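A.B. asks: The residues making up each chain are set out below.
Protein chains: 2
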Amino acid sequence: MITLQDCQQQDLQDPLGSLRDLFDIPEALVYLDGNSLGALPRSTATRIARTVQHEWGQGLIRSWNQAGWFDLPHKVGDKIAQLIGAASGEVVAADSTSINLYKVLSAALNMAGQDHPTRRIVLSERSNFPTDLYIAESLCKERGMRLQLVEPEDLLGALNSDIAVLMLTHVNYRTGAMHDMQAFNVQAKSHGALTIWDLAHSAGAVPLELKTAQADFAVGCGYKYLNGGPGAPAFVWVNPLHTDRFWQPLSGWWGHATPFEFTPDYRPAAGITRYQCGTQAMLSLVGLDCGVDTLLAAQALGGMNALRKKSLALSDLFIALVEQNCQGHGLRCVTPLEHSSRGSQVCLARDEGAYAIVQALIARQVIGDFRAGDGGTHPDILRFGLTPLYVGFVDVWNAVDQLRQVLQSGEWQEPQFNQIQIVT
Amino acid sequence: MITLQDCQQQDLQDPLGSLRDLFDIPEALVYLDGNSLGALPRSTATRIARTVQHEWGQGLIRSWNQAGWFDLPHKVGDKIAQLIGAASGEVVAADSTSINLYKVLSAALNMAGQDHPTRRIVLSERSNFPTDLYIAESLCKERGMRLQLVEPEDLLGALNSDIAVLMLTHVNYRTGAMHDMQAFNVQAKSHGALTIWDLAHSAGAVPLELKTAQADFAVGCGYKYLNGGPGAPAFVWVNPLHTDRFWQPLSGWWGHATPFEFTPDYRPAAGITRYQCGTQAMLSLVGLDCGVDTLLAAQALGGMNALRKKSLALSDLFIALVEQNCQGHGLRCVTPLEHSSRGSQVCLARDEGAYAIVQALIARQVIGDFRAGDGGTHPDILRFGLTPLYVGFVDVWNAVDQLRQVLQSGEWQEPQFNQIQIVT
Chain A
1 MITLQDCQQQ DLQDPLGSLR DLFDIPEALV YLDGNSLGAL PRSTATRIAR
51 TVQHEWGQGL IRSWNQAGWF DLPHKVGDKI AQLIGAASGE VVAADSTSIN
101 LYKVLSAALN MAGQDHPTRR IVLSERSNFP TDLYIAESLC KERGMRLQLV
151 EPEDLLGALN SDIAVLMLTH VNYRTGAMHD MQAFNVQAKS HGALTIWDLA
201 HSAGAVPLEL KTAQADFAVG CGYKYLNGGP GAPAFVWVNP LHTDRFWQPL
251 SGWWGHATPF EFTPDYRPAA GITRYQCGTQ AMLSLVGLDC GVDTLLAAQA
301 LGGMNALRKK SLALSDLFIA LVEQNCQGHG LRCVTPLEHS SRGSQVCLAR
351 DEGAYAIVQA LIARQVIGDF RAGDGGTHPD ILRFGLTPLY VGFVDVWNAV
401 DQLRQVLQSG EWQEPQFNQI QIVT
Chain B
1 MITLQDCQQQ DLQDPLGSLR DLFDIPEALV YLDGNSLGAL PRSTATRIAR
51 TVQHEWGQGL IRSWNQAGWF DLPHKVGDKI AQLIGAASGE VVAADSTSIN
101 LYKVLSAALN MAGQDHPTRR IVLSERSNFP TDLYIAESLC KERGMRLQLV
151 EPEDLLGALN SDIAVLMLTH VNYRTGAMHD MQAFNVQAKS HGALTIWDLA
201 HSAGAVPLEL KTAQADFAVG CGYKYLNGGP GAPAFVWVNP LHTDRFWQPL
251 SGWWGHATPF EFTPDYRPAA GITRYQCGTQ AMLSLVGLDC GVDTLLAAQA
301 LGGMNALRKK SLALSDLFIA LVEQNCQGHG LRCVTPLEHS SRGSQVCLAR
351 DEGAYAIVQA LIARQVIGDF RAGDGGTHPD ILRFGLTPLY VGFVDVWNAV
401 DQLRQVLQSG EWQEPQFNQI QIVT
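Chain order of the listed sequences is A and B.
Just so it is clear: in the first sequence, position 209 is 209 by our numbering, and no numbers are missing.
Just so it is clear: in the second sequence, position 410 is 410 by our numbering, and no numbers are missing.
Honestly, the hints are just simulated from the structure, not real lab data.
Fair warning: this is a prediction, and the values are worked out from it, not measured in the lab.
Please note that the accuracy of each hint is not assured.
As the list makes no split between identical chains, a pair holds if one copy fits it or if it spans any two.
Unchecked claim - The calculated SDA-like cross-link candidates involving lysine to any residue, where the alpha carbons are at most 20 Å apart (straight line), are:
no., residue 1, residue 2
1, Lys309, Leu296
2, Lys75, Ala269
3, Lys75, Ala297
4, Lys141, Pro264
Generate the whole structure from the sequences, applying the supplied hints.
C.D. replies: Spelled out as structure tokens, the structure:
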């Protein structure tokens, strides 16, 4: 029997507990949606105000040099590199995840086309985040290739000599299931296929070792676990073995070897710089810089390994409390119980009412989110992101306790909780 | 003989003079680089602070709906539409100019490929802004097409039945020369070619009537005359005759007909929504919203036509003062004297020292910029942007007077003005 006192004790003993002070989160709220939009770091408002009023307002055009704007995509990229097992100079923060995926998938298809011209298939998971599939569908159509979608358990069996690229999201956005990145890379390599990883739900959430794991390409999101703010720029990493082999097709001037010579012919810069395209959204990029700093602040306390340990303790607690306190209400945990297969979220399926239950929880100041099923294999889901930087054990207790009350009272069946709105 | 008193008189009689109060510009500065980075609107700092602290910090994920984030690309697009002769629902503010150009050029090539499959050439101007040429080079390479670059006077003659797309920047970034958009559209149409216009130096600077002029596609920049802030999102317009005919290849989830159903297959939204790709950088987009509002504030005072009248008076004055006060120093005006061929900037060529003269002017608090020549047809250039929203006639007097002093004193030859730095 787990009690509130146990959770209070866990918070007291949490070596990362002080990191919550880096964030400005409403007192009354239990915020379990950092996997959709990370919370606001305390440093961000001041830093952005300085960028707007001092750097832009006073420095004007001079700030491209004097305030370091022009180099900021690399500077932020170097910080992100520390979180994903990449080296300095290998990552750039720019554009959106979808656009970066277009860049790396184009480059990967160019590489595969040269090395293995008979391979005509991009392999992915049917429940991959849809925008990844849309981008792949578009590129496959353009190049006369085929996008093959299978269930996760069929991925390894589907690898064969027809596969040009294996494109996966490391942690599934719906279920929180995490792939064994290294195992897939080794298997893909043994079949001669390249790998692309979308780290949207991994970067800042679980330890990553892209180079050790021999990944080929990766992209990731700036506004989830990296706390960069709404729509913050994404990032892109390319294994340095490949970076200089090909252009990516979004060959804008920020990817040029000498952008300020204004030559009419494109000549790609060496290294990851060629994965930039146009001028970057500086205010949003400054927000990302502050967000990434909150993760670097955890380095002194054990870094991503310590965050991972806490994340698993939080999700273990969440699952155990649902089991203990919410039985008989039709909830099924669809997040893997095995630690090695779990990201940093807990997902509960329910045959009906999932949307309304999430709304009723939000009304009680517990913010998770809803992801629609497909009416078939994939059920509707209540999703709870557990960001170890700012979520504590008592937060988990309170969230599950409110969930229990919503279910026991049946209040989620009230009409105001059943009006569907757009949610992201 | 023009005197300082004449310029003071012109400022006193300027019906748009009060608009400068909408901006926060350092007192001592003459800022003539709004064609590279527009000045800071006074409303921006407060609005961005509210977005960061209240909408993000307190509202968190709920602000995608409650603060209108999700619809902001359309809302800002609708405002921009008013400035470029387009209708509500036809413009979306998103991504960078380079990326938007990739979208529309891809769509145009798809259209041309279906309607005129034998046409294999994209025609543009050799001195077009390089990133436009790089993107076109990339797409042409991918599709086995050819990018033909000619001098501006040879463009009309180069239009023939081999041309799929005529891709031009309306106002040249180096010289400030403006094309007759309608004439080019009519000629292109008579040869069966589609037109794409880059409005980077036109939107917010000169009146535009995209639909009346029968343009096919347009993109433009948010951080120059639209005052959106460093790297603010760009915009894209597609003639509604074409919008629903093709996908653009950056088919991310924000362009999907039903993004929150999370279906694995891409189904493009109707209308301009399909020109969105991934999640947009909200802090930067909020900045753009404030920037565009400064132009809408001019609507009550005569709008773009009144701004155009003042812009031409400013550039006429600049050219006349250089003629009057800077003779014998090797400056040549390369901006067209004909009003109908001039944008909103004045460009002076000089055989040597252009970079250093610009640096010496900056040291004297007059900010213009330098654009390198190619050592051949195109000389080095001193570039002065004249933004009628916040530049006055005395500013022009002061700028040219400082230029005169820099030239007469020869101080630009001092070593500190000859250290080349990156500039944008």
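A.B. asks: When Cα atoms must be at most 20 Å apart, do Lys141 and Pro264 count as within-copy, between-copy, both, or neither?
C.D. replies: between (30 Å within a copy, 15 Å between copies)
A.B. asks: Within a copy, between copies, both or neither: where do Lys75 and Ala269 come within 20 Å Cα-Cα?
C.D. replies: within (17 Å within a copy, 36 Å between copies)
A.B. asks: Go through the copies and call it for Lys75 and Ala297: within, between, both or neither, with a Cα cutoff of 20 Å.
C.D. replies: within (16 Å within a copy, 38 Å between copies)
A.B. asks: First find the shortest C-alpha distance between Lys309 and Leu296 inside one copy, then the shortest across copies, and answer within, between, both or neither for a cut-off of 20 Å.
C.D. replies: within (16 Å within a copy, 53 Å between copies)
Hint compliance for this structure: every hint is met.
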